[in-house]
Amino acid sequence: MAASIFGVFDEVTQNKIISSKVLVVGAGGIGCELLKNLVLSGFPDIEIIDLDTIDVSNLNRQFLFRKEHVGKSKAQVAKESALHFNPDAKITAYHDSIMSSDYDLEFFKKFDLVMNALDNRVARNHVNRMCLAADKPLIESGTAGYLGQVSVIKKTVTECYECQPQAAQKTFPGCTIRNTPSEPIHCIVWAKHLFNQLFGEDDPDQDVSPDTADPELAGEAGKAALESEAKADAAGGIKRKSTQAWAMETGYNAEKLFNKFFRDDIKYLLSMEALWKKRKPPVPLDWNNLPQDVPATTHQVAICDQRLWSVQECADVFAKSLSSLKEELIKQGEGGMLVWDKDDDPAMDFVTSAANIRAHIFGIPSKTRFDVKSMAGNIIPAIATTNAIIAGLIVMEGLKVLREEFDKCKAVFLNRQPNSRKKLLVPCQLEKPNPKCYVCAPKPEVTVILNTHKITVKVLEEKIIKGGLGMVAPDVEIDDGKGTILISSEEGETEENTEKFLEQFGINNGVRLKCDDFLQNYNLTIIIYHRDKLEEDKEFQIIGDVSEIQAKYLEDKENEDKQPNGLTEKQATEAATAVEDEDEVMLVEEEEIQQITVSKKRKHDEEPEVVNGDTVKKQRLISDVAEHYDDIIS
Amino acid sequence: MNTMEGKDKTNVDKNNKYDRQLRLWGDHGQAALETTRVCLINATATGTEIMKNLILPGIGSFTVVDGQKVLGEDAGNNFFLTKDSIGKSRAKVATDLLAELNEDVHGDFLEEDAEKLLDSNPDFFSQFSIVVATNLCERALSKLSNHLWSKNVPLLVCRCYGFIGYMRLFIKEHTVFESHPDNTHEDLRLDRPFPALVQYCDSLHLETMTSKDHSHTPWLVILYKYLQEWKKQHNCKAPNDYKERNKLKEMLKKGIHRNEEGVLEDEENFEEAIRSTNMALVPSKVPSEVEKIFNDPSCTNLHSESSAFWIMARALKDFVDNEGEGALPVRGTIPDMTADSERYIQLQQVYRKKAAEDASKVSQRVQQLLHSIGKGADDQVEPLRPFMPSPSSDGHTSLFSSVGLISEHEIKTFCRNAAFVRVVRCRSLVEEYDNKSTKLQELVLHLDDEEPDDAVFYVLLRAVDRFYEEYNAYPGWYNDQVETDVSKLKACLTKLLQDWGLSLNIKDDYIHEICRFGAAELHTVSAFIGGVAAQEVIKVITRQFVPFNNTYIYNAMKQTSITLEL
Ligand SMILES: [Zn+2]
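As you go down the protein sequences, you meet chains E and Z in turn.
Letter by letter, the first sequence follows residues 1 to 634 in the working numbering.
Letter by letter, the second sequence follows residues 1001 to 1566 in the working numbering.
Only chain E is shown next, with the shape it has when bound in the complex (with noise of 0.2 Å):
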């Protein structure tokens, strides 16, 4: 028993502990130290849930799990592991999703007290929704290298996880990953669909052949258009049969995939003249006749993390890469396939060689494996001290949460270093609700942007509903009076509209859609906002508060008038960027404006284990993580 809590703790607190039932949500770094530090804190009973496994780069911080342990559950070794060292503690542990129907809101209600310690923000949302609906607090935390926070999470009375707008992933236009790459991560994700198309699940979104659609080529549109087919076959005599099924006809031949995607793709990009005009074209390689121009570094043979390779180096690693991953398939047997995982070595290689061989092709500076994987893993560093500094202040929230004082709840963030101000620990007032959030307000309407005419029904679903908004088994009504059913939960029911534009069903500018997801008890009305061309060419747009749109696309006309590309994000970019010295006015302006460029900054760091920045304040901390890291390993 812990036996010191007692005398420290009042006796309210001590009650509220004793008689408490918490949920942890997450079993990695976080949850480790959280499931100690309860146990040893004299929470009695304690459940916890994770869907993973154990990874051997777990251990240097999950101090629950050790090297037998790797392939294992971590929610079932942490409570094994917890219950060596405190036998009295009752854990229940769950090896699951915390997204699954099993978990419904009679779940979520047995508990006083929901601590999340997640790496992903899907999950995240689902909690954050789950917690509102059962009105259960809950205890958000992240970490990221030296960085952390902790906030707390109660419905009407603080902020939800999604009151305010959650920065965009950052996603690459197709044709800038399969006609025009010009920097080093386009290579890495185009090397990344190169590997799913080759031994993965089929996408068609992650296609890596050079794409006659690109509307830069909008002059030659009706002639690509009426010989892309032809064209295609040309460019390799594949297109017909799937990529995958060419390349195992070749028996995943290297020399022949090689020059399949590093030659005669190439070439035929250069057909396409319209592209290279304004830049650079690229130069296509031939397995027979690489460059041997190689570096000073590389007399000997290792091959190793942290230095460049050559494109002998990189070629001889891609043959050795594709023969193992072979293996590996073949192993699986009939309609077997390779998810692509940054920690097997064979999978990483092939990424890292077929990506540096493609900015080699573009003049794209290279990059060492260790960058590779950081950029194509979204890598954020992971250290024991930071997690358990978040773990200790979780427990310490979850206290006054236990005695419902939710006015002396604080978000809390923990700086790299002492700031100017002596403070490691920046500790800030909870915000209140946002009125117009889309998920915890009292009846939560979004906005989406999006062509009528060229989504469909299964688009909305996947990309829009489940992607964008977060639900998992969404039901969808037309609110046109008649009750049309869109979409619904139960399988099939609505098969037949999958395919179909929502255009087809009379959903214009305008049109209201109901949603509802039972397992979530959320209900959403979608106002679709029809635009013929979105910026960027997005497929679609979330706004959670209508009032956003009428300012931005005054904003964006008003750069319209001005020039094609208008200078003003990046002269608000600028502000961000300004000197201390800088006058007044800039500084003012620069405050409101990091909000703008922490999606920019971060644009490797798809996912980092924080909580979304609920203030501008805050993000700027979190849009450190990107920037200093680069730094540290540079």
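Derived by calculation from the structure, the hints in this document are not laboratory data.
Note that CB positions come from ideal geometry on N, CA and C, so glycine has one too.
Among the clues, some could well be false.
[Said to hold, decoys possible] Derived, one-sided and incomplete: chain E residues facing chain Z with beta-carbon distance under 7 Å:
1. 57
2. 63
3. 145
4. 278
5. 385
6. 388
7. 389
8. 395
9. 422
10. 425
[Said to hold, decoys possible] The calculated lysine-lysine pairs, modelled on DSS-like cross-linking and capped at a C-alpha distance of 25 Å, are:
11. Z/1151 / E/423
12. E/400 / Z/1507
13. E/466 / E/170
Add chain Z with the ligand to chain E, keeping to what the hints say.
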């Protein structure tokens, strides 16, 4: 052959195991960690939490010194002391369980009271890279800190007392070059371009370029050219206020190409130039922190015992005063920018080459200085850190001990970080305990307030120590004596303040609260301090980031913390 493979295997395993942290402190930080020997005095909850957070990332070895047996309350709040171990040696049980955390870390223990060990064999403690002590009474702490201070072994003292966490670092002198400040400027020298940069920029002609080349010229070159143009029109002066900088940006905007219809082309590089104008026009100067180091007696008066850091600092100073013409060596890195890789690499080379030249001049000065203080090629200099990484022929950073001469690689690293070198000097315990210390006067300035800052807990903990000295127990230790202890503690506080010659009114609420704590160690507070303290140890070991100087207080009730210099 087999051993080679075995070794490679170990490296791969370690690289995978430590991947997420290597991305923070690099191979050289990891190497420093792996050669570190840490001593823990007293396996309290706070002590074992700190060790856990050091063993997981892979220190070399640890030794636990503790003369006590495991008690029931230990098992209640210490994860590494189990119920079935009650009555056994706390040092042994904790060491066994801690060692399970990481098979690459060697654990050891000594079942002996630290204070007794200090009397019988004080040099035992000198063998460690750093000593971490928890729950030491004032008397033992004095002995320990005085001894380690004289031996130059860093000491971190930690304590969790109810809702209060406390840390104190004792380190005579700690030098850092990878200090990772929060805001750094690029070192581009556009305000004082060096000849090779001028030559390179002049070799490119924006007016005659194809539009493809125009839109792929690095912004640095563009900004350089427009700056020269500006200077021509303004008596050779660079823009020096907001208005002028905006005018320069206007000039840049006008330089963006237009297409046949007169519409502006999408020239990302010009936009980058405009965006970077403010940053690039910050004058290159020696930062005040570095200036302080240059004026430090250790820098100005080198002698035969001077450490490598100070010899390099002096060489750097001499460089700045002479061939550097007032500026530090060029850092040699340029930011990512829109450009064709050919010219980007050329530009990169221009900076790199200049950086290498500057570093080699500093290196010559280092050799001269070594000579002037009577160090020959075979003499030893106190090394910068136990090991310095050096890129070997395979590009891997291999390690070699830097005894003897200061290596070229060290000098290069030093030059690259010239703007960020730092020296931390903590005050000793003797200085802190001096009743006349001016730090005390500063400390208590705001403690009379209605809402005093967390420094108030420093004063209270000192009063608690005095209480312990007098009564050999902590206030509120026994539940039935809390009330009498309140008045006793109040008396201790009054005496303490008298000794300090200060009149100060600390609210009774605080005294009551401290008594209610009864010296209990709350696990969650220990867990927090375990994280913060281990992070400070890692800073000291890796010589990355600047450790706190010198006292840290955490208030778990309010989730606030403060650093104080005492
Ligand atoms: Zn909300």
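Status of each hint after checking the structure:
1. Below 7 Å, beta-carbon pairs count as interface contacts, and residue 57 of chain E has one with chain Z at about 5 Å; its hint therefore holds.
2. The beta carbon of residue 63 of chain E comes within 6 Å of a beta carbon in chain Z, closer than 7 Å, and the hint placing it at the interface holds.
3. Hint status for residue 145 of chain E relative to chain Z: holds, with the closest Cβ pair at about 6 Å, below 7 Å.
4. Proximity of residue 278 of chain E to chain Z holds as hinted, the smallest CB-CB distance being about 6 Å (cut-off 7 Å).
5. Below 7 Å, beta-carbon pairs count as interface contacts, and residue 385 of chain E has one with chain Z at about 4 Å; its hint therefore holds.
6. Interface restraint check for residue 388 of chain E: the shortest CB-CB distance to chain Z comes to about 3 Å, inside 7 Å, so the restraint holds.
7. At about 4 Å, the closest approach between the beta carbon of residue 389 of chain E and any beta carbon in chain Z falls short of 7 Å, and the interface hint on this residue holds.
8. Restraint check, residue 395 of chain E versus chain Z: the minimum CB separation of about 4 Å is within 7 Å; hint holds.
9. Against a cut-off of 7 Å between C-beta atoms, the interface hint on residue 422 of chain E holds, since the closest Cβ of chain Z lies about 5 Å away.
10. The beta carbon of residue 425 of chain E is positioned within 7 Å of a beta carbon in chain Z (closest approach about 5 Å), and the interface hint is therefore held.
11. For the hint linking residue 1151 of chain Z to residue 423 of chain E, the alpha-carbon distance of about 31 Å lies beyond 25 Å, and the restraint is violated.
12. Between residue 400 of chain E and residue 1507 of chain Z the CA atoms are separated by roughly 24 Å; this keeps the pair inside 25 Å, and the hint holds.
13. At roughly 18 Å between alpha-carbon atoms, residue 466 of chain E and residue 170 of chain E fall within 25 Å of each other, so this suggested pair holds.
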